Structure formats: structure tokens, C-alpha cells
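Construct all of the structure, not just a fragment, from the sequences and the given hints.
According to this note's numbering, the sequence shown holds residues 1 to 305 in order.
Hints are computed from structural coordinates only; laboratory data are not their basis. Some hints here could point you the wrong way.
Simulated restraints, written as ranges between beta carbons of each label pair [what the hints assert, rightly or not]:
no., residue 1, residue 2, range
1, ALA139, ARG31, 50 to 58 Å
2, PRO230, GLU135, 24 to 32 Å
3, GLU167, ALA263, 36 to 44 Å
4, ALA101, GLU42, 30 to 38 Å
5, PRO241, ASP57, 42 to 50 Å
6, PRO270, PRO219, 50 to 58 Å
7, VAL151, SER214, 23 to 31 Å
8, GLY159, ALA263, 47 to 55 Å
9, VAL19, PRO241, 35 to 43 Å
10, ARG253, GLY222, 25 to 33 Å
11, GLU21, PHE261, 51 to 59 Å
12, ASP304, SER3, 34 to 42 Å
13, ALA101, LEU247, 45 to 53 Å
Since the structure is predicted, the reported quantities are computational estimates derived from the model, not experimental observations. All C-beta atoms, glycine included, are put in the ideal place defined by N, C-alpha and C.
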Amino acid sequence: MTSSTGWVEEALGGVYRVVLEDGRRVEASVRGRLKQSGGGTERIVVGDVVRVTAEGDTWAIAERGARRSELVRAGFRARAGKVIAANLDHIAVMVAAADPAAREEWIDRMLVIGEHAGLTPLLLINKLDLPGAPERVAALTHLYAAVGYPVHAVSVVSGTGLEALREALTGHESALVGPSGVGKSSVLNALVPDLAARTGTVSGDGRGRHTTVSSRAVPLAGGGHVVDTPGFADAEPWDVPPEDLDLCFPELRVLRAQCRFRACTHMHEPGCAVRDALGVQVPESRYRSYRKLRDSLEERARRDW
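Here's what the structure looks like:
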């Protein structure tokens, strides 16, 4: 039996493509005790460093290394956390300017997931070439750049913005997350021209059809990887304490110390610096997202108590 250290490049529904130390790629399954504990946050995901063993041509993942970061969202019916990828440092939250239209509440929730994971977020807006897109891009850029997030608007059709996006991602381990239909595979094909990726169409309800069915890490020519993930129809944060939610909103984070009460929820207390800054330092749409998400997190906490 031989043993080697590797890095999980792709998850294929119980089988994992692992890049070994010598550069070889092998397909391995999970066995033994690791398989028995492989649900929720314990399962093997793209980005994991693993120890693999081989008997003949059959490879198995025997051990998983410690993770420096985890991208986690709520799992089935929000009853458990589900790790999407590991050992990342950036997250690119991707939406479309149109077809399907970007939802600010979804963006805000994905940014919270990234912030809570300790990742550096950026907002990526695709389909800049569609009718009405420039106006929508301008509005989203104004909203999110004002609170400190880098915004990249791109068009796969014209090539606009792709080089700047490539530079922003190069050298980092980044997750690319977005609802289906926004063009993740098309953008990856444009960033990595020799990449073979399936693309799909948007369904009649405008919500998109899932095209990426497994997570995989795509290497960039200048270094780093982009982890392509299956479409996020919903963005439900996991394991975010309600009292820490404001730490995941940069514009609230800088104001929380100015509130009269240390445990201010920013919902109703007098002397709240966050509510005093509404419409100025704190965008009203972002505050609505905060309130709605806080209510959701508190309800989950009561249910789990």
C-alpha cells in the first residue's frame, strides 16, 4: 500500500479528483471512519488537503487535514451546516445585471456568508451587454462600492471587464458563487479559454437552470484557483450568532461601538448609531437585509434552544 498527500480538485458525488504532490491526478473515494462521519461540516470538499492511500490502481481518502477556512451555508431545511469548499481566501459573489435579475437581499446574504467565513468578498456582475444592464450595474456598483466591496462588471460577449477580473482573482483561492443562470460557466470559459464547461439557459421563470452539478477548482494561469460551485438558489447563512451579525456588515461593524448600549441589536434601541446613520452611511436596502436576516437567525436560535 502506498500513501501520499494531495489536494481535492473536484467533488464528483462520492468520488474525488485529487492532485497528488507529484502533480498526478487520481480519483479516490472515502472509506472507513472518515466515510462514517462524512456528513455536514465533516464531509470532504474541494480545497481539502487529504492523505490518500492506494492498493493497486484503487485510491482512497484516509485522512483530512485541518482547514484554515470553510465556506458554509445552511443545509437541508437549515438544520445543519453544509461546507461548500475549504481553504479559501476570497469569495466572488456573482449575479447578472438581467436575465435573471440580481436580488440585493441574496447578494447581502452571500456577503454575510463570506464575511463570517473570514473571506475577502467581491461582487461580480455579469451580462453587462444586455439591454438596461448599464443602469442596473451603476446602481449596484454605487450601493456596494460605498460600503467597501470591490465591484467587477463583465460581459462575456464583448470581453469588457474580464482582464480586470482575472487580475483580481489571480494568486488567490477563490470561490465563485451565484444563482444558476447568471453565467458562471461562461465567465470561467472566458477567464480560462481551454476550460471545457457546460453552459445552460435560463428557465421560463427567470430563475435559471443549474448547469454546474459538482464543485471543482479551476487553475488560473497566473496562480491560484477559482472554485466553481453548484448554483445557490438560496443563500442561508449557518452558525452566525444573531448578536454577531452586524460584524458581517462592514458599514454596521464600524458603527456598533458608537451605540449607547453595548448589546444594541440595531432594531429598536434608543441611541443606536446604526439607525441614526440610515440613508447616509448605512444604505436602507442593506439595513432591511440585516433586519430580515437577524429575525431569521433569532427564530432559528429559538427553535434550536
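For each hint, the structure was consulted:
Between ALA139 and ARG31, the C-beta spacing of about 51 Å keeps the proposed range 50 to 58 Å intact. A beta carbon spacing of about 30 Å between PRO230 and GLU135 agrees with the range 24 to 32 Å that was offered as a hint. In this structure the hint that GLU167 and ALA263 lie 36 to 44 Å apart at CB holds, the actual value being about 42 Å. For ALA101 and GLU42, the hinted distance range of 30 to 38 Å is satisfied, since their beta carbons lie about 37 Å from each other.
The hinted range of 42 to 50 Å is satisfied by PRO241 and ASP57, whose Cβ atoms lie roughly 47 Å apart. Against the hinted window of 50 to 58 Å, the Cβ-Cβ separation of PRO270 and PRO219 comes to about 54 Å, which satisfies the hint. At about 29 Å, the beta-carbon gap between VAL151 and SER214 stays in the expected band of 23 to 31 Å. A hinted range of 47 to 55 Å holds for the C-beta pair GLY159 and ALA263, which are about 50 Å apart.
Between VAL19 and PRO241 the CB atoms are about 36 Å apart, so this pair conforms to the stated range of 35 to 43 Å. The beta-carbon spacing between ARG253 and GLY222, approximately 32 Å, falls within the hinted interval of 25 to 33 Å. Between GLU21 and PHE261 the C-beta distance comes to about 53 Å, which sits within the given range of 51 to 59 Å. Hint check: ASP304 to SER3, Cβ distance near 40 Å, so the stated range 34 to 42 Å holds.
Take ALA101 and LEU247: their Cβ atoms lie about 29 Å apart, and the range 45 to 53 Å is violated.
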